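**Student:** We have chain A already, so just place chain B on it with the hints.
Chain by chain, the residues:
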Amino acid sequence: QQQVKQSPQSLIVQKGGISIINCAYENTAFDYFPWYQQFPGKGPALLIAIRPDVSEKKEGRFTISFNKSAKQFSLHIMDSQPGDSATYFCAAHNNAGNMLTFGGGTRLMVKP
Amino acid sequence: ETGVTQSPTHLIKTRGQQVTLRCSSQSGHNTVSWYQQALGQGPQFIFQYYREEENGRGNFPPRFSGLQFPNYSSELNVNALELDDSALYLCASSLTGQETQYFGPGTRLLVL
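For the protein sequence lines, the chains are A and B, in the order given. Numbering of the first sequence is given in the working numbering, commencing with residue 1 and proceeding in unit increments. Numbering of the second sequence is given in the working numbering, commencing with residue 1 and proceeding in unit increments.
So that you can see chain A by itself, here it is in the shape it has in the complex:
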């Protein structure tokens, strides 16, 4: 199966809080898991990515946690800022087709 399930669909967080977005997948052939940030009217921009042999990756305020046995991964945004308000997509790369399968997206709003 190629599906990637993402939750929640929308999220409201206070400035300074932690935003957490979760994704789950079925296909064990996925070998690379990027997160993209998309602002209205723009294309997705790569935020951070992880490979399945690593359990956690941190870049600034953004952290990916990866649970290979549960086939789940999540994005944590620490000290969330109003400028982080955007739609976030998790994705999974299938080396067989060299394609990305995206989750449905999470619309994040960070309130000042």
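You may find that some hints are simply not true.
Simulated crosslink set (DSBU-like; lysine-lysine; CA at most 35 Å straight-line) [stated by the list, open to error]: (1) K58(A) x K42(A); (2) K68(A) x K13(B); (3) K42(A) x K13(B); (4) K58(A) x K15(A); (5) K15(A) x K5(A); (6) K5(A) x K68(A).
By construction, these hints were calculated from the structure, which means they are not laboratory data. Owing to the predicted nature of the structure, the values given are computational and were not obtained by experimental measurement.
**Tutor:** Relative to the frame of chain A, chain B by itself:
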């Protein structure tokens, strides 16, 4: 380094017409992938081009076709447009053997 560019930014067509969308890949990238993003959804893989040939295809009918040129730029052609083809069409470039894909700003297509 030049990022991924797409043209036009917006396009309005009527049902049954044909459309051509264009993409210039990021400098040095030799692989181009096309995605369709319906409103409120994640991008869906259409196909990928490498060495001027189709190198993988998603679940899209044959009226979606493409080209890649020697300079790695690419075109997406859609024939016999349907109302459901209204979407943001995204082009992403990458380097063969690397999973990271970088997206352009997209072309917003409206079919009336």
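**Student:** So which of the earlier hints does this model not fit?
**Tutor:** 2
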